[in-house]
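Protein chains in written order, with full-length UniProt numbering: chain A, 1 to 341; chain B, 1 to 341; chain C, 1 to 341; chain D, 1 to 341.
For the record, the hints were derived by calculation from the structure and aren't laboratory data. A hint or two may mislead.
One copy or two, either will do: identical chains are not told apart, so a pair holds if it fits within one copy or between any two.
What the hints assert, rightly or not - Subject to a maximum C-alpha distance of 25 angstroms in a straight line, what follows is the list of computed DSS-like cross-link-like pairs (lysine-lysine):
#	residue 1	residue 2
1	Lys323	Lys309
2	Lys309	Lys262
3	Lys200	Lys323
4	Lys323	Lys258
5	Lys326	Lys309
6	Lys86	Lys326
7	Lys309	Lys86
8	Lys323	Lys262
9	Lys309	Lys210
10	Lys258	Lys200
11	Lys86	Lys200
12	Lys262	Lys77
13	Lys210	Lys200
Note that the coordinates shown come from a computational prediction; the quantities given were computed from them, not determined experimentally.
Protein chains: 4
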Amino acid sequence: MRVGVLTGGGDCPGLNAAIRAVVRKGVQVFGYEFVGFRAGWRGPLEGDTVALDVQAVRGILPRGGTILGSSRTNPIKVEGGVERIKDNLAGLGVDALIAIGGEDTLGVARELHGSGVNVVGVPKTIDNDLNATDYTFGFDTAVNIGMEAVDRLHTTAESHHRALICEVMGRHVGWIALHVGMAAGANVILIPERPFDIDKVIEYVESRFKTRYAPIIVVSEGAHPIDGQMELRTGERDAFGHVRLGGIGQQLADEIEKRTGKEARAAVLGHIQRGGTPTAFDRVLATRFGLQAIDAVRDGDYGKMVALKGTDIIRVGLDEATKELKAVPLERYAESEVFFG
Amino acid sequence: MRVGVLTGGGDCPGLNAAIRAVVRKGVQVFGYEFVGFRAGWRGPLEGDTVALDVQAVRGILPRGGTILGSSRTNPIKVEGGVERIKDNLAGLGVDALIAIGGEDTLGVARELHGSGVNVVGVPKTIDNDLNATDYTFGFDTAVNIGMEAVDRLHTTAESHHRALICEVMGRHVGWIALHVGMAAGANVILIPERPFDIDKVIEYVESRFKTRYAPIIVVSEGAHPIDGQMELRTGERDAFGHVRLGGIGQQLADEIEKRTGKEARAAVLGHIQRGGTPTAFDRVLATRFGLQAIDAVRDGDYGKMVALKGTDIIRVGLDEATKELKAVPLERYAESEVFFG
Amino acid sequence: MRVGVLTGGGDCPGLNAAIRAVVRKGVQVFGYEFVGFRAGWRGPLEGDTVALDVQAVRGILPRGGTILGSSRTNPIKVEGGVERIKDNLAGLGVDALIAIGGEDTLGVARELHGSGVNVVGVPKTIDNDLNATDYTFGFDTAVNIGMEAVDRLHTTAESHHRALICEVMGRHVGWIALHVGMAAGANVILIPERPFDIDKVIEYVESRFKTRYAPIIVVSEGAHPIDGQMELRTGERDAFGHVRLGGIGQQLADEIEKRTGKEARAAVLGHIQRGGTPTAFDRVLATRFGLQAIDAVRDGDYGKMVALKGTDIIRVGLDEATKELKAVPLERYAESEVFFG
Amino acid sequence: MRVGVLTGGGDCPGLNAAIRAVVRKGVQVFGYEFVGFRAGWRGPLEGDTVALDVQAVRGILPRGGTILGSSRTNPIKVEGGVERIKDNLAGLGVDALIAIGGEDTLGVARELHGSGVNVVGVPKTIDNDLNATDYTFGFDTAVNIGMEAVDRLHTTAESHHRALICEVMGRHVGWIALHVGMAAGANVILIPERPFDIDKVIEYVESRFKTRYAPIIVVSEGAHPIDGQMELRTGERDAFGHVRLGGIGQQLADEIEKRTGKEARAAVLGHIQRGGTPTAFDRVLATRFGLQAIDAVRDGDYGKMVALKGTDIIRVGLDEATKELKAVPLERYAESEVFFG
């Protein structure tokens with residue numbers, strides 16, 4: 001049995017832990033061989049491989065990033081892409097493929113499975129926005145990094161009278177902002193799921209300034225005000241069409257200064273949240289995902305994605321897994337509002 | 001409505017986060033008053049109270065320990081203890097009591113509820129050994145501290161040829177050792193649930209020494225060899241009848257040196273794992289437990305303990321909650337054995 | 001003997017450690033009394049005091065911020081300010097004043113000493129830009145925070161092909177950027193002392209992209225290109241006339257994208273670097289500064305600032321201490337250039 | 001020019017940073033070739049080499065341990081050892097040797113230099129006990145790890161009434177204990193340089209128990225009571241003649257329990273302090289040491305060791321460097337006594 005492994009999409013702490021678990025159990029328990037594909041779907045598309053054995057995965061457990069590299073290449077959108085992948089897999093003698101990635105990567109996995117490729121998916125999204133699993137690895141690490149940053153802002157906010165804004169990742173969903181804000185005691189949390197009322201934000205800020213503490217706001221990069229409330233700077237998309245990191249945090253700081261006459265400062269964590277060594281939670285989750293994925297291969301249980309339900313690792317259909325985004329429910333957001341102001 | 005709050009048993013990161021959530025929601029949303037009881041059950045037993053309002057809980061979210069103090073006082077074992085507590089609660093006008101603690105504390109809570117006291121329990125055990133909840137706060141912090149320690153041992157083990165042992169908390173269950181060992185890539189994990197075969201341990205150690213890496217063993221303080229295999233030093237209990245922290249780790253180091261002729265060193269984390277700032281996971285869990293506990297009071301839903309199931313905070317009967325210890329299932333332990341040697 | 005203590009200027013980890021040392025030794029060894037002044041020079045100017053005894057400094061050693069609060073109030077610029085301070089000190093029976101702060105705070109201390117006030121200075125600047133001392137506390141903490149952030153960026157840079165920029169503090173001097181960049185292995189470091197050549201920066205970036213790694217740039221907030229090389233966005237000053245945090249990092253990212261056609265992302269650490277618990281280096285340094293400051297008071301050795309020379313804590317004249325900014329010498333910067341590209 | 005590099009003695013965070021700096025500057029600026037020797041002096045003794053070029057040192061800056069491995073092999077004690085080294089160096093065409101290590105390693109370097117080998121030394125001792133340099137890398141990391149551990153003990157000590165002991169490294173000198181204790185606010189610090197009075201220690205412990213806080217003691221592994229005061233357990237040496245890690249901490253805990261009737265617990269950090277990623281201070285120091293060492297080679301300035309004086313990296317004679325141990329001066333210890341009890 002020869003198994004291919006690839007990692008697609010954005011960086012995420014825990015990818016190496018998952019790869020290591022797949023290979024260690026595959027080789028030592030099942031006696032499989034492995035083929036590493038480089039740079040996400042570009043690997044099988046172009047037949048770009050790398051040796052993947054027990055030696056290759058030694059010492060990678062605590063390391064961020066992925067030894068396989070990643071990319072956002074989508075073979076579905078490439079003329080004849082699916083056929084080329086099937087040909088390359090056949091040529092390399094690859095019997096099954098483990099695809100570790102987010103919504104896009106798993107969507108491709110689903111399509112390939114539909115075309116007869118033996119695929120097992122492992123979910124990965126720092127944003128925690130996949131519906132079929134309680135958590136994905138990388139999220140806990142991102143939240144802890146954000147929390148430590150906001151912990152540090154707190155002492156400055158206490159000593160001075162300055163509003164401090166921390167912009168965290170989350171273009172479409174606010175899970176990171178919600179957890180960072182709850183864990184670190186933010187005075188306001190702003191998430192994409194609920195357009196914010198800038199008047200209400202200013203009110204919280206003003207009331208906080210009346211105590212001896214200064215306000216701290218945690219904001220998702222994808223959060224935005226109720227339509228028409230704030231004049232947003234345009235040109236905040238970069239040359240690649242992505243929303244600019246750092247946009248909303250700084251604009252919020254400007255607005256607060258203008259309206260309150262108090263200084264406001266923004267910190268933008270950006271990619272700091274996606275890199276570096278994973279937390280214990282993410283390492284254990286990624287390891288257990290990897291073990292379950294190679295078990296699925298052994299069972300011939302293809303077209304599935306591994307997932308966390310409570311404390312169990314289960315398998316769900318790739319169809320179900322990629323159906324819809326898991327947004328923050330408004331009642332979860334409401335829990336955090338108790339601590340606002 | 002006047003609500004009493006106490007924290008009992010051993011120290012645990014997240015206690016302050018739970019207290020803060022109870023008080024913030026109780027005061028700001030429900031308009032309740034609070035009475036803090038000092039030092040666990042000794043507080044209501046002796047009527048020893050401390051002011052507990054929004055000001056008192058400011059800034060405590062990131063802090064380890066408990067602003068209320070703790071103790072292992074068991075009022076059930078005190079002559080007339082239950083009656084004294086009921087009298088003191090009545091005298092102080094306390095309508096309901098939130099007891100935050102482990103098995104012992106919650107056992108007392110169950111008894112008191114049986115005697116007509118309005119009690120809600122919040123589970124707390126660093127060992128993660130309560131059956132009715134997926135996780136308890138404090139556990140994730142303890143695991144991360146252990147993981148960081150073992151991460152550091154790895155580089156020394158790589159540079160030298162020395163067996164390194166890390167003894168972690170866990171007198172009766174091995175959850176901390178299992179998660180630390182999986183997260184940090186231990187070569188052997190030893191837990192109380194399964195007496196270890198010292199010959200097998202030596203075999204792993206010897207085979208590891210043959211690579212350029214040296215072996216790292218994570219061992220629960222409560223782990224022990226198969227009966228008769230090792231001559232254990234006696235006198236490892238202290239004046240208080242507790243098993244001595246540091247016992248098994250050092251004895252294992254001695255045995256490895258004797259049998260392999262290679263140096264072995266033990267690090268003993270001890271109380272380092274129970275103190276200090278909680279991780280994001282523990283802060284969010286403790287906060288959500290606190291919010292749910294005060295909701296239970298508002299609902300008059302007494303005799304319950306709050307618990308985590310998947311991503312939901314639910315309530316379970318105190319009876320059910322304290323029934324039996326949650327040990328590490330052998331199939332979970334077997335998962336980790338893939339990485340041994 | 002009654003001694004006043006104040007902290008002025010920006011936040012800086014270690015302020016509390018210094019206050020604690022002053023008070024502990026002053027009370028326990030010399031039997032002095034203390035008066036805490038609130039909010040920097042505003043405290044003695046307005047007679048705004050706070051109790052400062054052994055109980056008040058308990059537990060503050062590991063905490064960021066300052067229990068005394070701070071401000072940028074300059075009494076020299078206030079009509080009759082110096083006289084008001086002298087009157088208030090006399091009225092409160094304060095015999096000597098310990099002023100903990102940066103260039104501005106110590107400049108006021110020097111003036112007051114000239115007017116006959118018994119002042120001892122303790123240097124504090126996160127930027128490490130005071131000439132009379134090898135290091136100031138807060139700097140080591142800021143550098144470690146920056147280093148950890150860049151460590152995290154490295155793994156993302158390795159997995160993807162994206163230029164990553166980390167903007168750190170340092171409006172006038174580049175010490176933080178230099179040390180963060182050297183400690184974390186930046187591919188380019190840009191500091192205010194040496195206007196950068198954007199063509200050279202692009203060259204480094206391009207050459208790095210040719211390896212399998214992506215470039216990481218550490219840039220001081222006050223760094224700027226050689227005149228005329230880049231069209232800098234205006235309006236980067238806020239309502240208070242301060243240069244906007246986040247300005248140069250984002251502009252550099254834009255320029256790199258435009259010129260190389262590769263994605264670039266900026267993280268802006270901002271105030272995260274000034275808050276939170278100090279490192280061991282900063283806690284020991286601040287403690288030793290505090291001990292030396294109260295020794296100077298005991299010796300009646302006023303008009304002095306405590307300073308670090310090698311491993312010794314010495315005293316220098318406040319005159320000398322505030323004479324000129326300690327910039328990064330170009331030969332120190334050149335050391336780091338070995339690692340560029 | 002072909003330069004050999006080796007690392008000897010115990011593990012120490014920063015070794016890789018020093019190796020990287022030597023190689024990067026040597027190759028990129030001076031055009032040298034390098035030969036890595038494996039496992040300390042065993043490498044040149046047995047001609048055991050490893051490739052050492054720019055590729056080999058990529059990514060090692062943040063990593064603990066040493067890519068070259070280490071050992072305690074002393075070629076002086078090996079029959080004909082010096083001659084064999086000279087022959088091997090000649091055979092490999094090695095013109096100069098950079099030896100990174102502690103007292104033993106540098107002592108060998110001095111002897112070899114006396115025999116005509118071109119040697120430059122780089123000091124490395126986690127214990128900070130070399131007289132000729134203000135600091136050595138590894139020390140700051142060890143102190144920070146110890147400080148974080150004691151920070152965590154503090155919250156437990158506050159919540160309960162239990163004496164907590166933290167045993168840190170330092171067989172002959174107490175620098176680590178002194179700095180950990182000052183940085184983390186220990187109530188007692190015990191170092192090898194001054195035999196402790198157990199009656200005085202018990203007095204501090206008792207007086208601390210009278211407050212609402214519990215005592216925390218930081219003790220060097222090499223600290224010991226005044227002769228005859230405590231009956232020390234024998235057999236605390238291991239099979240290799242080393243003093244057992246964990247000895248004095250646990251014995252102190254036993255003594256405190258016996259004398260005070262209060263519980264006491266010991267944590268033993270052991271090797272955790274020598275491993276893992278270095279702090280910024282250690283990375284910058286190790287890097288600057290490496291740069292200076294290769295400059296010394298370029299200058300043909302052999303028989304020297306690089307050293308830190310204030311903020312400068314200088315060169316001193318290997319003779320001077322290895323003359324005597326740098327113990328903690330009693331006046332530095334006295335500084336810390338202000339905070340005892």
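Hints, one by one, checked against the model:
With identical chains, the CA atoms of Lys323 and Lys309 are at most 25 angstroms apart both within one copy (17 angstroms) and between copies (24 angstroms). Taking the shortest alpha-carbon separations for Lys309 and Lys262, neither the intra-copy value of 46 angstroms nor the inter-copy value of 39 angstroms comes in at or below 25 angstroms. Neither within a single protomer nor between protomers do Lys200 and Lys323 lie at most 25 angstroms apart by alpha-carbon distance, with minima of 35 angstroms and 47 angstroms respectively. Neither within a single protomer nor between protomers do Lys323 and Lys258 lie at most 25 angstroms apart by alpha-carbon distance, with minima of 43 angstroms and 36 angstroms respectively.
For the identical chains of this complex, Lys326 and Lys309 are neighbours both inside a copy (15 angstroms) and across copies (18 angstroms), given an alpha-carbon limit of 25 angstroms. Proximity of Lys86 and Lys326 under a CA criterion of 25 angstroms is satisfied in neither setting, with 32 angstroms inside one chain copy and 47 angstroms between copies. In the homo-oligomer, the alpha carbons of Lys309 and Lys86 never lie at most 25 angstroms apart, since the shortest distance is 33 angstroms inside one protomer and 41 angstroms across protomers. In this assembly of identical chains, Lys323 and Lys262 lie within 25 angstroms of each other by CA distance neither inside one copy nor across copies; the values are 45 angstroms within and 32 angstroms between.
When the C-alpha separation of Lys309 and Lys210 is checked against a cutoff of 25 angstroms, the pair qualifies neither within a copy, at 44 angstroms, nor between copies, at 40 angstroms. In this assembly of identical chains, the alpha carbons of Lys258 and Lys200 lie at most 25 angstroms apart only when taken from the same copy (15 angstroms versus 38 angstroms across copies). For a Cα distance limit of 25 angstroms, the shortest separation of Lys86 from Lys200 qualifies neither inside one copy, at 55 angstroms, nor across copies, at 45 angstroms. Taking the closest pair of Cα atoms, Lys262 and Lys77 come within 25 angstroms of each other only across two copies (21 angstroms); inside a single copy the shortest separation is 50 angstroms, beyond that limit.
Only within a single protomer do Lys210 and Lys200 lie at most 25 angstroms apart by alpha-carbon distance; the minimum there is 16 angstroms, versus 49 angstroms between protomers.
The structure shown violates the earlier hints numbered 2, 3, 4, 6, 7, 8, 9, 11.
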